[in-house]
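Given the coordinates of chain A, work out where chain B should sit on it, guided by the hints.
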Amino acid sequence: MKSLNCVVAFVFLAGAFALGQRTSASTSDTAALEQKIRDLEDRIITLEGQVRTMKSQAAPPAAAPPPSAPIVASPSQAAEGPTAPPAENLAAAPVSLGGAGGSAAKALNPDISMIGDFISVAGGNSVRPSPSFEMHESELGIQAIIDPYARGDVFLTFGEQGVGLEEGYITFTALPASFVAKVGKMRSAFGKVNTMHNHTLPWVDRPLVTQNLVGGEDGIDDAGVSIERIIPFPKGIFLSATGQVFRGDSGEGDELVFQSHSKSDLSTVAHLRAYKDLSESTNLDLGLSYARGHNELGSDFITSLYGVDATLRWKPLRRAIYHSFVARSEFIWSQRQQNPFEQRAFGLYASGEYQLKRRWFLGGRYDWSDRAREANLTDKGGSVIVTYWPSEFSQIRGQYRFTDYAGDHKANELLMQVLFSMGAHGAHPF
Amino acid sequence: MTKLVARFGFVFALLLAVTLACPGTAFAKKLNVVTATTDLAALAQEVGGEKINVNSIAKGYQDPHFVEAKPSFLLQLRQADLLVVVGLQLEIGWLPPLITQSGNPRIQVGANGYFDASQFAEILEIPSGAITRAMGDVHPLGNPHYWLDPENGRRVAKGIVAKLGEMDAEDAAYFQQRYQDFARRLSEAEKNWDAQMKPFRGRKVVTYHNSLPNFAKQFGLEVVGFVEPRPGIPPTPSHTLDVINMMKRDGVKVIMVEPYFDRKTPDAIARETGGTVVEYLPSVGGVKDVNTYFQLFDYDIALLTKAFQ
Numbered sequence: 001m002k003s004l005n006c007v008v009a010f011v012f013l014a015g016a017f018a019l020g021q022r023t024s025a026s027t028s029d030t031a032a033l034e035q036k037i038r039d040l041e042d043r044i045i046t047l048e049g050q051v052r053t054m055k056s057q058a059a060p061p062a063a064a065p066p067p068s069a070p071i072v073a074s075p076s077q078a079a080e081g082p083t084a085p086p087a088e089n090l091a092a093a094p095v096s097l098g099g100a101g102g103s104a105a106k107a108l109n110p111d112i113s114m115i116g117d118f119i120s121v122a123g124g125n126s127v128r129p130s131p132s133f134e135m136h137e138s139e140l141g142i143q144a145i146i147d148p149y150a151r152g153d154v155f156l157t158f159g160e161q162g163v164g165l166e167e168g169y170i171t172f173t174a175l176p177a178s179f180v181a182k183v184g185k186m187r188s189a190f191g192k193v194n195t196m197h198n199h200t201l202p203w204v205d206r207p208l209v210t211q212n213l214v215g216g217e218d219g220i221d222d223a224g225v226s227i228e229r230i231i232p233f234p235k236g237i238f239l240s241a242t243g244q245v246f247r248g249d250s251g252e253g254d255e256l257v258f259q260s261h262s263k264s265d266l267s268t269v270a271h272l273r274a275y276k277d278l279s280e281s282t283n284l285d286l287g288l289s290y291a292r293g294h295n296e297l298g299s300d301f302i303t304s305l306y307g308v309d310a311t312l313r314w315k316p317l318r319r320a321i322y323h324s325f326v327a328r329s330e331f332i333w334s335q336r337q338q339n340p341f342e343q344r345a346f347g348l349y350a351s352g353e354y355q356l357k358r359r360w361f362l363g364g365r366y367d368w369s370d371r372a373r374e375a376n377l378t379d380k381g382g383s384v385i386v387t388y389w390p391s392e393f394s395q396i397r398g399q400y401r402f403t404d405y406a407g408d409h410k411a412n413e414l415l416m417q418v419l420f421s422m423g424a425h426g427a428h429p430f
Numbered sequence: 431m432t433k434l435v436a437r438f439g440f441v442f443a444l445l446l447a448v449t450l451a452c453p454g455t456a457f458a459k460k461l462n463v464v465t466a467t468t469d470l471a472a473l474a475q476e477v478g479g480e481k482i483n484v485n486s487i488a489k490g491y492q493d494p495h496f497v498e499a500k501p502s503f504l505l506q507l508r509q510a511d512l513l514v515v516v517g518l519q520l521e522i523g524w525l526p527p528l529i530t531q532s533g534n535p536r537i538q539v540g541a542n543g544y545f546d547a548s549q550f551a552e553i554l555e556i557p558s559g560a561i562t563r564a565m566g567d568v569h570p571l572g573n574p575h576y577w578l579d580p581e582n583g584r585r586v587a588k589g590i591v592a593k594l595g596e597m598d599a600e601d602a603a604y605f606q607q608r609y610q611d612f613a614r615r616l617s618e619a620e621k622n623w624d625a626q627m628k629p630f631r632g633r634k635v636v637t638y639h640n641s642l643p644n645f646a647k648q649f650g651l652e653v654v655g656f657v658e659p660r661p662g663i664p665p666t667p668s669h670t671l672d673v674i675n676m677m678k679r680d681g682v683k684v685i686m687v688e689p690y691f692d693r694k695t696p697d698a699i700a701r702e703t704g705g706t707v708v709e710y711l712p713s714v715g716g717v718k719d720v721n722t723y724f725q726l727f728d729y730d731i732a733l734l735t736k737a738f739q
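Residue numbers (this note's numbering), protein chains in the order written: chain A, 1 to 430; chain B, 431 to 739.
It should be emphasised that the hints constitute simulated quantities derived from the structure, not laboratory data. Some hints could be false.
Cross-link-like lysine-lysine pairs, in silico, DSBU-like; alpha carbons within 30 Å at most [to be verified]:
| no. | chain 1 | residue 1 | chain 2 | residue 2 |
| --- | --- | --- | --- | --- |
| 1 | B | 647 | A | 36 |
| 2 | A | 55 | B | 647 |
| 3 | B | 460 | A | 235 |
| 4 | B | 718 | B | 628 |
| 5 | A | 235 | B | 489 |
| 6 | A | 263 | A | 235 |
| 7 | B | 683 | B | 736 |
| 8 | B | 489 | A | 357 |
Computed footprint of chain B on chain A, listed as stretches where at least three residues anywhere in the stretch have a Cβ under 8 Å from a Cβ of chain B [unchecked claim]:
| no. | region |
| --- | --- |
| 9 | 174-187 |
| 10 | 200-212 |
| 11 | 234-240 |
| 12 | 320-328 |
Please read these numbers as outputs of a predicted model, since none were measured by experiment. Here a beta-carbon is modelled for each residue, glycine too, at the ideal position from N, C-alpha and C.
Next up, chain A with everything else stripped away, as it sits in the complex:
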């Protein structure tokens, strides 16, 4: 960069000198010189921009091969095979997997982030006790653009003991006909809460219906394949459909939803989403979900889940950082084959969150859910939540939770959570 500055200085000096020489220089000469200096300045700024891009770009610089590079493959090259065309972009960037050296290697490091989630609980709960203090989860995110055709996202969750792979998938972004495909382990597209990481929830915990019917904290989170596509629809309505196939294992212990007993015990998830902007600041988001898999009783025992979700959001654009409101509800029906009778359970939550000031949020949630294995038992509850954001990178949250478990077990608890984020954590989908 220093040398560039020298060039600028030289150009200016030379220009000034030239001007001084010709005291009687006509104005048109001066204008031409000014134009020339300006052009040179532009070129230097463009060069600086290129240097900046090269330094900062996490992705392989596949954008624009230098004009001098042979863009059109020679006939002999083209004859080699149909795989040749996209390769010339890659050839411009000498990237070797795991092998680049020096600062170039550093520039291509993925975005690494860590989100800490500390939870403290006061009060008694005889049905589902929680520890007084817990470093509930530390989520390590590793994200990068892999090549011009795909990006990768891996989220490892460290509990106080043990590590889990919350998600780890590749997303193919350059498929024909606007398909977007994911391969790996991922939170399935069943409803809204199931897709969200803990740190993006507006509550400390997850709703009762998630715990009773949809696999608890991890939800339907499994290895498999997902395809998604936006479906063109008139009147400014956004419609997208997702189809997913998984191995068939989700949840553990009492919260288990799906278990595969043989290779053919796959589970499937389908989701249809409709979204519309009602106005500049208000929008409505609706979803239909379906999931089907085998439960722990064997390959012949099927659990089917049906879901409906609705979200209403309000955020005035001129005051977007100060005020907002989100109301959300999900209804979920579970149909579980077991002995002696099939169990049909229903559950829901309804929640709202209002942003009072730039840093303060006030929310509430109502819970109502049958239990999947004994649908005649129903748990109910309610919460009030206050969240404070010191900055975009940390949150402090308090939640008062009342739960009336089936069998007259009541619990009053106060939950406290501190969330903190380090590093470059990629934004989550809306």
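Quick look at chain B alone, frame taken from chain A:
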């Protein structure tokens, strides 16, 4: 198993049928350009004329750091031939998931239709040395509010012209001619703006957010403080007091605030110091009558010269 495969196959077939039923890529003659902000849209419109369709994702009165990644934007992005972004991580909180979800290979990062305007502009305040979040929401690649310098506007337009010409070679001459015309009109306007601001060169101002270094450099203003204690951190009482004392001491009379920030603190500071709050426009489209890149500077300079008098 076969049943399951059949079921999945059905879903897939349905998606495929929908795809084929709707001719998605019916090639229109006009290039579809989507920009992150209205300023880039205005610049693209200047050079693209009627040969392109331009849409901006963010509105002019919206904080470009905090745009919601609404799915309705995907409807624009999936049709886009060219996506023009401000870059320097300004859009990091909302644009990447939109690009991924768009299912549009043309505008993926690094693809031919992904255009980072920052590489053509003069960027100020590139941090050297270690940076941490203790400094607030700093932009490690430099200050992204570079479009408020008309020279940068011209440079970005020049970059866009080259890109448009490359994507639509037939109309390259048309774009080039429009650029020449734009550059000429801009340098005339610049002379006018410079003349208006000349009496006030060297004046000190306080701004809410650090979004004016390029503007200040171009028009000879000196930004001596910010209402925010650190970028992205809301005002605190102690910092506000510091600002008030500094303004009294140095005789600073003008506080420049973007329309999307709360006026409470700036108004309080103005009352204490006898200064004026100038609610300037950071972007085209921030108010009804400012619809071009020229009108943006006309509007801001008119406000400023009035406040300085």
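Evaluation of the provided hints:
1. B:647 - A:36: holds, 22 Å
2. A:55 - B:647: holds, 25 Å
3. B:460 - A:235: holds, 22 Å
4. B:718 - B:628: holds, 28 Å
5. A:235 - B:489: holds, 21 Å
6. A:263 - A:235: Judged against 30 Å, a Cα distance of about 44 Å means the pair is violated.
7. B:683 - B:736: It holds: about 12 Å lies between the C-alpha atoms, which stays within 30 Å.
8. B:489 - A:357: The hint holds at about 22 Å.
9. 174-187: Three-residue rule met by the region 174-187 of chain A, so holds; n is 6.
10. 200-212: Answer violated; 0 residues pass the 8 Å Cβ test.
11. 234-240: holds (count 3)
12. 320-328: Since three or more residues must qualify, the claim that chain B covers the region 320-328 of chain A holds, with 3 doing so at under 8 Å.
Taken one by one, the earlier hints fail for this structure at numbers 6, 10, listed in ascending order.
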